[in-house]
Amino acid sequence: MSSLDLARWQFGIVTVYHFLFVPLTIGLAPIVAIMQTVWYRTGNPAWLRLTKFFGKLLLINFALGVVTGIVQEFQFGMNWSSYSRFVGDVFGAPLAMEGLAAFFLESTFLGLWVFGWDRLPRRVHLATIWLLALGVNLSAYFILAANSFMQHPVGVRFNPTTGRAELDSITTMLTNITALATFPHVVAGAWLVAGGFVLAVAAWHLARSRDDADTVATFRPAFRLALVAVLVSGAAVVGSGHWQGQIMVDQQPMKMAAAEALCHTEKGAGLSLFAVGSIDASCDEVKQVTIPGLLSFMSENNTGATVRGVNDVQAAMEKRYGAGDYIPSLPITYWSFRLMIGLGLVTILLALAGLWGTRRGRPVQRWFARAATLVVVAPFFANSFGWIFTEMGRQPWVVVPNPTGPDTVRMLTADGVSPSVGSATVWTSLITFTLLYAALAVIELRLMLRYVKAGPQPEPVTSTDDVEGAPPLAFAY
Amino acid sequence: MQLTASRFATIAGLWIGYFFLEGFDFGVGVLLPVLGRTESDRRVMINTIGPVWDGNEVWVLVAGGATFAAFPEWYATLFSGFYLALLVILVALIVRGVAFEYRGKVNSDRWRANWDRAIFWGSALPALLWGVAFANIVAGVPIDKHHEYTGSLLTLLNPYGLLGGLLTLGAFTLHGAYYLALKTDGSVRTAANALARRLAPVVVLVAATFLLWGQFRDGRPLSWALTLLAAGTLVGAVGASWKGREGWAFALTGTTLALTVASLFATLYPNVMPSSTDAAYSLTVDNASSTDYTLKVMTVVALAITPVVLGYQAWTYWVFRKRISNHHIPAAQSLVPAARSSAEPSGTTAS
Chain A
1 MSSLDLARWQ FGIVTVYHFL FVPLTIGLAP IVAIMQTVWY RTGNPAWLRL TKFFGKLLLI
61 NFALGVVTGI VQEFQFGMNW SSYSRFVGDV FGAPLAMEGL AAFFLESTFL GLWVFGWDRL
121 PRRVHLATIW LLALGVNLSA YFILAANSFM QHPVGVRFNP TTGRAELDSI TTMLTNITAL
181 ATFPHVVAGA WLVAGGFVLA VAAWHLARSR DDADTVATFR PAFRLALVAV LVSGAAVVGS
241 GHWQGQIMVD QQPMKMAAAE ALCHTEKGAG LSLFAVGSID ASCDEVKQVT IPGLLSFMSE
301 NNTGATVRGV NDVQAAMEKR YGAGDYIPSL PITYWSFRLM IGLGLVTILL ALAGLWGTRR
361 GRPVQRWFAR AATLVVVAPF FANSFGWIFT EMGRQPWVVV PNPTGPDTVR MLTADGVSPS
421 VGSATVWTSL ITFTLLYAAL AVIELRLMLR YVKAGPQPEP VTSTDDVEGA PPLAFAY
Chain B
1 MQLTASRFAT IAGLWIGYFF LEGFDFGVGV LLPVLGRTES DRRVMINTIG PVWDGNEVWV
61 LVAGGATFAA FPEWYATLFS GFYLALLVIL VALIVRGVAF EYRGKVNSDR WRANWDRAIF
121 WGSALPALLW GVAFANIVAG VPIDKHHEYT GSLLTLLNPY GLLGGLLTLG AFTLHGAYYL
181 ALKTDGSVRT AANALARRLA PVVVLVAATF LLWGQFRDGR PLSWALTLLA AGTLVGAVGA
241 SWKGREGWAF ALTGTTLALT VASLFATLYP NVMPSSTDAA YSLTVDNASS TDYTLKVMTV
301 VALAITPVVL GYQAWTYWVF RKRISNHHIP AAQSLVPAAR SSAEPSGTTA S
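Taken in order, these protein sequences are the chains called A and B. Just so we're aligned, residue 1 is where the first sequence starts under my numbering, counting upward by one. Just so we're aligned, residue 1 is where the second sequence starts under my numbering, counting upward by one.
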């Protein structure tokens with residue numbers, strides 16, 4: 001494999017891996033903050049137990065999100081130095097802002113929250129978890145603004161003398177419509193993950209100890225909270241996704257066409273549900289099952305609208321940017337798009353089933369707990385496939401030319417790779433990261449399951465023979 | 001011109017923050033197997049940095065991000081050029097971060113011993129390699145006319161680079177020992193003070209050799225002044241430690257690290273990465289910089305946010321200002337899976 005392919009594999013592996021942990025953090029941090037707020041307001045010890053229990057799970061997850069994030073910050077320079085030189089004037093700013101405004105906030109207040117239980121007044125301690133939640137969401141915004149620049153560069157111009165992209169307006173860049181549409185989608189997707197997670201954990205405990213009053217008192221409220229979280233975020237995911245689809249049709253018609261494996265421009269195009277046979281741009285062997293008019297509706301809110309096909313966009317791109325293959329991998333974009341939507345819908349259906357099954361105080365049934373523990377992985381993978389779709393769908397570009405504005409700021413992925421980093425070097429890092437990440441995944445998963453199964457732990461009882469004025473720390477590593 | 005100089009100073013400031021703060025928590029990690037004779041001692045040590053190490057580490061992320069934003073060429077050349085060294089640092093930081101969080105989560109000696117090893121290596125390797133990296137940046141590395149690094153990992157492991165690595169490893173360890181002396185009580189405090197006394201002469205010797213070597217080669221008035229100040233504060237730190245002034249010893253090694261970084265950056269200016277191939281290929285604050293507009297944006301953002309960050313980070317240190325000793329360490333809160341019984345009521349919080 002060439003160093004370009006290796007660098008792409010590495011980026012894919014470390015980024016998808018990183019984003020298994022991040023959505024759970026983005027969603028679970030505010031959920032734990034809500035739990036602590038309810039406890040603060042009501043004094044109900046069940047909410048304190050929930051706060052500590054899910055807080056511990058949040059920490060186990062947070063650790064891996066943080067450490068794998070360091071790689072993200074460094075790898076643009078390491079593997080994509082030509083890209084970094086070309087876009088640094090634009091792309092570096094949101095990254096630096098993310099560090100300054102978000103990373104400091106989340107890391108510092110995480111420490112204060114974890115170790116501050118007995119050191120801070122209750123109200124201040126409650127504020128620390130909210131600031132942590134704010135930090136992770138701010139972080140999401142800045143990094144999505146950076147990514148949106150790659151999908152749809154605005155607020156930038158091309159400097160022909162230096163051959164570099166230059167920042168024209170930071171406000172235009174940060175309020176890129178692509179970022180504004182992507183942020184709610186990603187955050188709602190994160191809530192879907194965290195809601196599904198809390199739902200499955202609570203359902204498992206409730207189904208297991210149905211007659212234990214303590215378990216019911218603790219997990220029943222968490223279960224209801226999670227149901228609401230999944231249903232509300234599910235609606236938000238669908239709504240924001242629809243908005244994104246309409247933007248994508250204008251900004252990246254190729255990605256939309258590839259998502260549908262739509263070869264030729266169609267009027268009143270149907271939405272493909274699934275395809276039989278291999279998918280390629282020749283369109284010959286694909287047998288698709290479609291819902292008439294739905295793709296046109298998704299694109300333009302009009303079942304009769306025209307949707308451009310892959311081959312037509314390819315012809316237009318060749319005319320504008322010269323000979324080349326401007327079609328992303330159709331099987332990957334087609335199937336990842338479907339898996340994203342399908343796995344998201346499965347999560348929403350689970351919550352609807354949970355709502356129905358537990359109506360009017362009915363206990364959680366074993367079948368539901370079993371289903372929930374299976375479905376818990378669905379929103380995680382829905383997030384992964386969403387990113388695989390959006391990043392693979394913009395290939396062969398790393399910065400997609402803006403068809404609705406000046407399109408001089410653009411770069412092919414192949415031109416972005418580090419010229420000085422050879423394939424042996426990338427092999428080394430690719431193997432290192434893959435093995436390390438796999439080992440950490442096994443450790444994390446086992447630890448997580450262990451703590452989930454153990455349930456809330458009784459508070460350590462403070463003994464009376466402590467040294468005067470020096471009680472043990474409420475939390476210690 | 002002024003903007004690039006001030007952004008250069010900002011990058012220096014971020015590295016100063018990083019070396020001062022993560023310097024001592026690297027030091028604590030390196031000292032873990034040395035001073036932590038018992039499990040209780042090791043937990044005392046780890047808990048001195050427990051609430052703060054993650055916030056300390058963010059300084060390097062921001063230094064990286066700010067370099068990307070203000071000097072994209074520098075970021076691109078440095079990170080792609082020092083690829084394998086950075087890979088080692090990344091792996092070390094990943095393993096170390098997970099180790100702090102997971103070490104106490106399973107009540108098993110073997111589990112803890114493995115994570116202790118991870119903390120030691122995860123601290124020692126970056127402590128060494130950051131020094132190697134900075135020494136090489138200042139001394140110059142082979143860079144071609146396209147601003148691409150043309151050396152290998154071995155190019156970086158030259159005597160001056162390795163000496164720089166020894167300096168950061170030694171200075172961070174000493175800084176960490178003074179931090180432990182300041183933040184603990186009991187056996188760890190005694191051991192940290194004793195170790196610092198033995199380690200200090202070695203660090204002074206390495207620091208003097210490294211700094212004088214660099215200054216006689218590339219020094220200029222400002223960098224000489226900073227170097228001499230750094231030397232003075234280091235000697236001051238050692239003296240303070242002998243007199244039992246733990247707070248002063250810690251603050252002064254921190255100042256030494258800050259002045260050392262400042263001296264290296266002053267030596268570097270107006271280059272950011274000199275080329276040993278041909279001076280004409282060197283990256284400078286001008287040819288590696290972003291546009292004035294981006295620099296202005298970043299300056300405004302930094303001026304607005306940095307004071308707030310410094311405020312809440314300082315507040316964190318204030319909240320956790322008390323010394324920690326063995327009797328503060330609660331019984332292991334980790335799970336003992338066999339002890340879990342479903343009959344046990346979880347409502348004991350009432351007590």
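Hints listed in this document are in silico derivations from the structure and should not be mistaken for laboratory results. A portion of the hints provided could be inaccurate.
[To be verified] Cross-link-like lysine to aspartate or glutamate pairs, in silico, DMTMM-like; alpha carbons within 20 Å at most: (1) B:K322 with A:D118; (2) A:K453 with A:D212; (3) A:K267 with A:D312; (4) A:K319 with A:D250; (5) B:K296 with A:E166; (6) B:K296 with A:D168; (7) A:K52 with A:D214; (8) B:K145 with A:D415; (9) A:K267 with A:D250; (10) A:K52 with A:E444; (11) A:K319 with A:D212; (12) B:K145 with B:D292.
[Said to hold, decoys possible] Covered stretches of chain A, as calculated for chain B (at least 3 residues, CB under 8 Å): (13) 53-63; (14) 78-84.
[As the list claims (entries may be wrong)] Partner residues are not named here, just some residues of chain A that face chain B (Cβ under 10 Å, in silico): (15) V71; (16) E73; (17) L95; (18) G99; (19) S107; (20) L110; (21) L126; (22) W130; (23) T432; (24) L440; (25) V442; (26) Y451.
Where a beta carbon is used, it is the ideal one built from N, C-alpha and C, also for glycine.
Evaluation of the provided hints:
1. B:K322 with A:D118: holds, 13 Å
2. A:K453 with A:D212: Holds, at about 15 Å.
3. A:K267 with A:D312: holds, 13 Å
4. A:K319 with A:D250: Since the Cα atoms of K319 of chain A and D250 of chain A sit roughly 18 Å apart, the hinted pair holds (cutoff 20 Å).
5. B:K296 with A:E166: holds, 13 Å
6. B:K296 with A:D168: holds, 12 Å
7. A:K52 with A:D214: Distance ~16 Å between K52 of chain A and D214 of chain A Cα, so the pair holds.
8. B:K145 with A:D415: holds, 18 Å
9. A:K267 with A:D250: Distance ~16 Å between K267 of chain A and D250 of chain A Cα, so the pair holds.
10. A:K52 with A:E444: Holds - the C-alpha atoms of E444 of chain A and K52 of chain A are around 18 Å apart, at most 20 Å.
11. A:K319 with A:D212: violated, 70 Å
12. B:K145 with B:D292: violated, 24 Å
13. 53-63: holds (count 4)
14. 78-84: holds (count 5)
15. V71: Where the cut-off is 10 Å and the nearest Cβ of chain B is about 6 Å from V71 of chain A, the hint holds.
16. E73: The hint holds - E73 of chain A has a Cβ within 10 Å of chain B, the shortest such distance being about 5 Å.
17. L95: holds, 4 Å
18. G99: holds, 4 Å
19. S107: holds, 4 Å
20. L110: Nearest chain B Cβ about 6 Å off; hint holds.
21. L126: Because about 15 Å separates L126 of chain A from the closest Cβ in chain B, which is outside the 10 Å limit, the hint is violated.
22. W130: Status violated, d = 14 Å.
23. T432: holds, 6 Å
24. L440: Hint on L440 of chain A: holds, closest Cβ of chain B at ~6 Å, below 10 Å.
25. V442: violated, 12 Å
26. Y451: holds, 7 Å
The earlier numbered hints that this structure contradicts are 11, 12, 21, 22, 25.
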